[in-house]
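Asker: Based on the provided sequences and hints, a complete structural model is requested.
Protein sequence lines correspond, in order, to chains L and Z. Note that this note's numbering gives residue 134 to position 134 of the first sequence, counting from 1, and the numbers run on in steps of one. Note that this note's numbering gives residue 272 to position 272 of the second sequence, counting from 1, and the numbers run on in steps of one.
Quick caveat, the hints were computed from the structure, so don't treat them as lab data. It cannot be assumed that every hint is accurate.
Stretch-level coverage of chain Z by chain L, calculated; a stretch enters the list once three of its residues show a Cβ under 8 Å from a Cβ in chain L [unchecked claim]:
id: 1; segment: 149–163
id: 2; segment: 203–211
id: 3; segment: 217–231
id: 4; segment: 252–260
id: 5; segment: 286–300
id: 6; segment: 303–309
Sample of chain Z residues facing chain L (criterion: CB under 8 Å; computed from the structure) [said to hold, decoys possible]:
id: 7; residue: R43
id: 8; residue: V46
id: 9; residue: R195
id: 10; residue: S196
id: 11; residue: I214
id: 12; residue: D275
id: 13; residue: G312
id: 14; residue: L313
Chain L is nowhere near these chain Z residues, computed Cβ spacing over 10 Å in every case [unchecked claim]:
id: 15; residue: V53
id: 16; residue: G58
id: 17; residue: C63
id: 18; residue: D68
id: 19; residue: S134
id: 20; residue: A137
id: 21; residue: G138
id: 22; residue: C167
id: 23; residue: G171
id: 24; residue: D183
id: 25; residue: K185
id: 26; residue: R194
id: 27; residue: A198
id: 28; residue: V276
Here a beta-carbon is modelled for each residue, glycine too, at the ideal position from N, C-alpha and C.
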Amino acid sequence: MTGAADGPPVLASVPVGDAVTGYVGAFGVLAACYHRMTHGAGGQLIDVNPVDAMLQITGPVLSQHKDGAPPPHRLGSRLAASTLRGVFRTSDDSWVTVAASTPRHLREIAELCGHAEFDGSGVPVGDVVPRVERWVADRKRAEVAAAFAERRLPIAPVATAQDVLDDEHLRARHAVRYVHTAEHGPVAGPAPAPRLLGSTAELPWRTPDLDEHGKTLPAVRDSSKLFS
Amino acid sequence: MRNLAGQEAGVTSQSVFGTPGRVAGIVFGEWEEVSPWAPLAERRGVPGNAVTVYGAMGTTNICDVIADNGRSLLEFVAEGLAYHGANGALPSSAFCEVFVGFNPVWAKMIAAEYPLVEDVQEVLWEAASLPVASFPAGYDAGLVLSRRHGDRVHIAQSPQDVIVTVCGGMGNLHALSMPSWGDTKSVTALSGERRSLAGLRVLDTATLYAGPFISTVLADHGADVIKIEPPGGDSYRHAATRMWPLLARNKRSVVADLRSRDGADLVRALVPELDVVVVNMPDRLLIEAGLDYQTLGAINPGLIYVHVTSYGLDGPYADRLGTGRWARP
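Answerer: Written out as structure tokens, the structure reads:
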């Protein structure tokens, strides 16, 4: 489902399936812990795999599919029900995301970008996307963002890794943390999610050296006291 | 006495210069369930399990054998709080507190007249006072001034400084009091562990991304995760993709070769200690190594065994490979 409608399917350039599977697995552990603790159950075998996990992400594609009809197809950046949802290049070679979530958004974005034809209830007639594309392409990112913001229209710059590191909101919330590693020095990574506000902990934010805790190995063999 | 509560008199503890005895710590629990008032920690806005630390004189017992109503009992107890030699009453010029613990029977009787703990504090504070004139000359001007109201010196600066709790058993004879030690105030904080999954013991034998990431998420919230690495280290440890910090943060590292008898023995030796084990080897290899769910679950019936595979544990594709460094043609 990812990719332009007339182009090939596109894989994500980050391993989405692994991260989603990891969270699904962690949820399974907690559900089993709760079951053991609360219902007096024993332990159990948990079957974790990327197929079950990623089916959660592709849920809408399955629910939209009707027997006998052609299956849902790639839509570029659009959702099935949206008329305007896309990523557009600005004159200073940056990208912005524009998405109309309400009729007002759609009407006013179309007006702003010079779309001429509207029906009696203010719905733009014809495809507004080429208009938006041209309007954005003639302007710098800051100019586009300001014009949208002034009209209370949703817009989001497409962030690079550097943008994420520099973002004042994310910085204020310490959403990016540095992991200290012997192999790579300090490396940026996401803070734990979700945030448990009653029990948030400052952890030793580092990776272990190879076999750092294996020194207790003989003790493990003798008495299983590695955890202490 | 040479050694008092672990301190050597006059050497490591100066407090023993001036007091004939020393108690290192008194611990008692507030009986929150029977208290007619909100528990102390809740009144102080600390949710969950909490501990209050208080630097105090030793406990003073206050006995009453005839009280049959809240007001007379509170006044009687208050007179026991205020005495000239008490630390709070005597030298605490900046701030001080006094701690009062009522048995549940008395608390119930008091609460029938004073359902608000603030009113209990008020009555105690008002009555726990001594006439200024009763202090020897020299005390009247300076030391006791901050607690002087009218011609009386109170045990603490304000009613809020009278700490009221419910503790002890179902007897109805005694209260305890503890004036604070000089200019000191108690602190209430969440007790113990703040990491939600602390104590959860996880063994991560998985490789690549999805499997290890399960226990990364658990470690983020305080689980104790040991990552088993093959000799030479996990394949991501030095990889230029720098996935290692995303996967190994806050874990411990133990090297073991799970293909060897020793390595598998190590895992089996740990199993009784574990809550969770994460594996992503094919079933066939797990059975060969004696690390399958049947074997480990028999050692520890409480074990939560997370098996990460490519397609799930049953169905036509169950045996297809796709994850795990042990994948062999």
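Asker: Of all the hints given earlier, name the ones this structure violates by number, lowest first.
Answerer: Result: hints 1, 7, 8, 26, 27, 28 break, sorted rising.
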